[in-house]
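One-letter residues, chain by chain:
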Amino acid sequence: MSDLEKDYRRRFDSVLRPLVPKIQRQLQEFFFNEPRIDRVTVRAKTIDRFLKKANTLIDGRLKYTEPLRQIQDQIGARVVTYYLSDLERVTKIALRYLRPIESKNIVPDSEWEFGYFGRHFIFIIPSDLLDPSADKEMIPEFFELQVKTLFQHAWSEADHDLGYKPEAPLSSDAKRRLAFTSAQAWGADLIFQGLFEEQSKKVAASKRDGDSVSRGAETN
Amino acid sequence: MRLGDVLPVEHIHTFLVHPGKGLAAAPQIGGTTVALQGKLFRLLENIYLNSDDECDIEISFNHDADGRQQNDCRDLITAYLQNPGLPRARTIAERLFKTTDKRSGLGLFFLIAGREGRNHKLVISRFPTDSAILAEEDERNLTVEFLERVFMKSATSYKAAVYQDSSLQAGFWLGKAVDKQINSRMIEVSNYWIFDFLASDFRLTAAHGTRRLGAALRNAARTSQDIGVKSELTAAVTLARGLGRRRISINEFIDHFGLSEAAAQDIRKQLTSPEIATEQFQFDLEEFKGQVGFRSVELSNGGILTADSGDFNEVFHREIIDDRTQEVKFSTTGRIVNEKLRKANE
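In the order they appear, the protein sequences are chains W and G. So for the first sequence, my numbering puts the first residue at 1; every next one is plus one. So for the second sequence, my numbering puts the first residue at 1; every next one is plus one.
Worth flagging that the hints you see were computed from the coordinates, not collected in a lab. Where hints are given, some of them may not hold.
As the list claims (entries may be wrong) - Keeping only pairs whose Cα atoms sit at most 25 angstroms apart, straight-line, the calculated BS3-like set for lysine-lysine is:
| no. | chain 1 | residue 1 | chain 2 | residue 2 |
| --- | --- | --- | --- | --- |
| 1 | W | 202 | W | 63 |
| 2 | W | 22 | W | 136 |
| 3 | G | 269 | G | 98 |
| 4 | G | 102 | W | 136 |
| 5 | G | 269 | W | 136 |
| 6 | G | 289 | G | 340 |
| 7 | G | 343 | W | 22 |
| 8 | G | 153 | G | 102 |
| 9 | G | 230 | G | 269 |
| 10 | W | 92 | G | 289 |
| 11 | G | 340 | G | 329 |
| 12 | W | 22 | W | 92 |
Claimed, not checked - To be clear about the criterion: a stretch of chain G counts as covered by chain W if any three or more of its residues have a C-beta under 8 angstroms from a C-beta of chain W, and this derived list gives those stretches:
| no. | region |
| --- | --- |
| 13 | 66-77 |
| 14 | 163-173 |
| 15 | 203-211 |
Claimed, not checked - Anything over 12 angstroms on all C-beta distances counts as not near chain W; from chain G, calculated:
| no. | residue |
| --- | --- |
| 16 | 260 |
| 17 | 279 |
| 18 | 297 |
| 19 | 311 |
| 20 | 314 |
Virtual Cβ for every residue (Gly too), placed ideally from N, Cα, C.
Construct the complete structure from the given sequences, taking the supplied hints into account.
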């Protein structure tokens with residue numbers, strides 16, 4: 001077992017795993033009573049996945065020289081909401097309570113491509129969630145929060161499961177099919193957003209009509 | 001660590017920084033290296049050693065305008081710590097020059113760098129300029145002299161920040177600052193230190209800090225066994241509406257409203273650690289109302305009175321019937337707009 005694996009295993013058991021339910025509970029409190037929140041999930045990066053990421057090479061050299069510090073999604077959270085317009089609302093709430101050092105809206109590089117979509121933030125872990133008796137060197141400073149629609153979430157889960165297997169890399173045709181499903185998820189989000197806006201307008205109009213009828217009744 | 005035991009300070013650079021906000025080009029800023037001995041060194045070493053206690057506002061660097069994990073001030077600080085010489089120190093002084101306006105005036109700026117174990121540590125501090133009178137006496141005479149450009153660790157406008165981390169690459173996002181002007185009426189004058197020069201923000205957001213305070217007050221009022229403590233807490237909640245957007249910590253809130261030791265203990269019991277009570281945040285009235293919006297009084301006869309916590313004393317008039325038995329009478333006048341039934345355990 002490498003020193004890095006030993007260090008991460010120790011951090012995983014003593015700090016990350018106990019932190020997961022605390023972060024989840026706090027995020028759930030922040031989004032309590034908010035409409036159209038499908039789920040709030042939090043996970044600690046598994047030891048295998050951490051080591052795999054730590055060993056990423058770029059031009060034959062390790063991408064991370066200090067993986068325990070540089071890999072910032074050792075704790076990853078995700079808030080899944082229904083429609084595209086909900087992303088902004090959820091983002092505003094997250095930024096109201098948490099301090100970011102990174103805020104990205106990830107979209108494919110070109111308008112002619114389809115792939116991963118999502119909003120990613122690197123937030124400082126709130127101090128009230130940390131165990132004051134824990135070894136400070138063991139505590140990560142940040143966690144990642146992703147905000148996604150249901151379709152973005154579904155696509156990224158399947159993509160992650162299918163697309164990251166070094167023993168069975170995706171063929172060109174398989175990549176094209178994955179991109180096709182991303183385009184379909186993107187389209188589904190647009191259509192649901194359109195339907196949501198139409199329905200919201202109808203509900204608002206019906207409410208206005210109802211109000212004016214009851215005002216009329218009061219006058220009569 | 002006792003003063004003089006070890007020499008954790010390795011480099012000190014100082015610059016005379018004029019206000020230069022809005023000026024197109026920065027002039028050559030006069031700077032020098034301070035020798036690691038003598039009276040000035042001992043003063044600065046003392047600031048370095050006490051910086052963790054003195055800098056009581058937890059801050060973090062902002063990301064860049066595109067949301068990327070990059071911050072110009074942090075870049076200058078980590079570059080300086082990689083090679084702590086006068087040229088790289090000057091780049092930080094130039095940044096201070098560009099963010100200081102005329103209202104803040106001339107300042108003497110220090111960079112004090114050292115190592116503590118595996119950590120790099122940097123203390124940056126700004127002494128404002130002042131004028132003073134030097135009085136010297138001998139057996140027969142007293143001579144007085146007016147001094148200009150005296151730089152003092154002013155109790156009302158001194159500013160500093162401390163950063164400590166083992167990694168120059170991945171670390172140095174979090175720091176602590178002190179700004180003696182931060183709660184003054186001249187807040188817009190002092191904002192430049194944390195928000196402009198350090199390109200940072202308070203680590204604890206206004207909403208999050210206020211939420212913690214509100215929850216601690218609410219839970220303390222619910223769990224306290226002492227009716228006097230409950231009254232103190234509800235009175236503090238009512239008065240808190242006058243705090244505006246003041247920077248405050250939970251401990252400062254307790255002091256500000258003169259809460260008793262019992263009430264303070266009941267509030268602190270709600271926190272996960274005593275350090276949480278020292279963290280500063282900007283009070284957010286809307287968030288506070290969301291946390292402790294309603295005040296309820298339950299009477300021995302089974303009656304429960306509830307109103308907006310800020311208006312409770314106006315809505316219900318309280319009259320003491322018998323001081324000895326603590327019997328009171330509440331009265332209110334209004335039009336019935338709604339009636340509710342609720343579950344017994346709600």
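Original post:
Given the proposed pairing of residue 269 of chain G with residue 136 of chain W, does the C-alpha separation stay at or below 25 angstroms?
Top reply: Answer holds: residue 269 of chain G to residue 136 of chain W is near 23 angstroms, not above 25 angstroms.
**OP:** Would you check chain W against the region 163-173 of chain G, counting CB to CB pairs closer than 8 angstroms, and say if three or more residues qualify?
**Re:** Since three or more residues must qualify, the claim that chain W covers the region 163-173 of chain G holds, with 5 doing so at under 8 angstroms.
**OP:** Take a quick look at whether residue 230 of chain G and residue 269 of chain G sit within 25 angstroms of each other, Cα to Cα.
**Re:** 15 angstroms, holds
Original post:
residue 22 of chain W and residue 136 of chain W: Cα distance at most 25 angstroms?
Top reply: The given pair, whose Cα atoms are some 18 angstroms apart, holds under the 25 angstroms limit.
Original post:
Is it correct that the beta-carbon of residue 260 of chain G has no partner in chain W closer than or equal to 12 angstroms?
Top reply: 24 angstroms, holds
Original post:
Checking the smallest CB distance to chain W, is residue 314 of chain G really beyond 12 angstroms?
Top reply: The claim holds: residue 314 of chain G sits with its nearest Cβ about 28 angstroms from chain W, beyond 12 angstroms.
**OP:** For the pair supplied as a hint, residue 153 of chain G and residue 102 of chain G, confirm whether the alpha-carbon distance does not exceed 25 angstroms.
**Re:** Between residue 153 of chain G and residue 102 of chain G the Cα gap is close to 19 angstroms, so the pair holds against 25 angstroms.
**OP:** Would you check the hint for residue 269 of chain G and residue 98 of chain G, treating anything up to 25 angstroms between C-alpha atoms as holding?
**Re:** Cα-Cα ~45 angstroms, so violated.
Original post:
Far enough from chain W: is every CB of that chain over 12 angstroms from the CB of residue 311 of chain G?
Top reply: The claim stands: residue 311 of chain G keeps its Cβ more than 12 angstroms from every Cβ of chain W (closest is about 23 angstroms).
Subject >> Restraint check for residue 343 of chain G with residue 22 of chain W, where alpha carbons must lie at most 25 angstroms apart >> reply: 29 angstroms, violated
Original post:
Is residue 297 of chain G truly not at the interface, in the sense that its beta carbon sits beyond 12 angstroms from all beta carbons of chain W?
Top reply: 26 angstroms, holds
Original post:
Would the pair residue 289 of chain G and residue 340 of chain G pass a check requiring their Cα atoms to be no farther apart than 25 angstroms?
Top reply: Distance of about 22 angstroms is within 25 angstroms: holds.
Going through the hint list in order, the structure does not satisfy hints 1, 3, 4, 7, 17.
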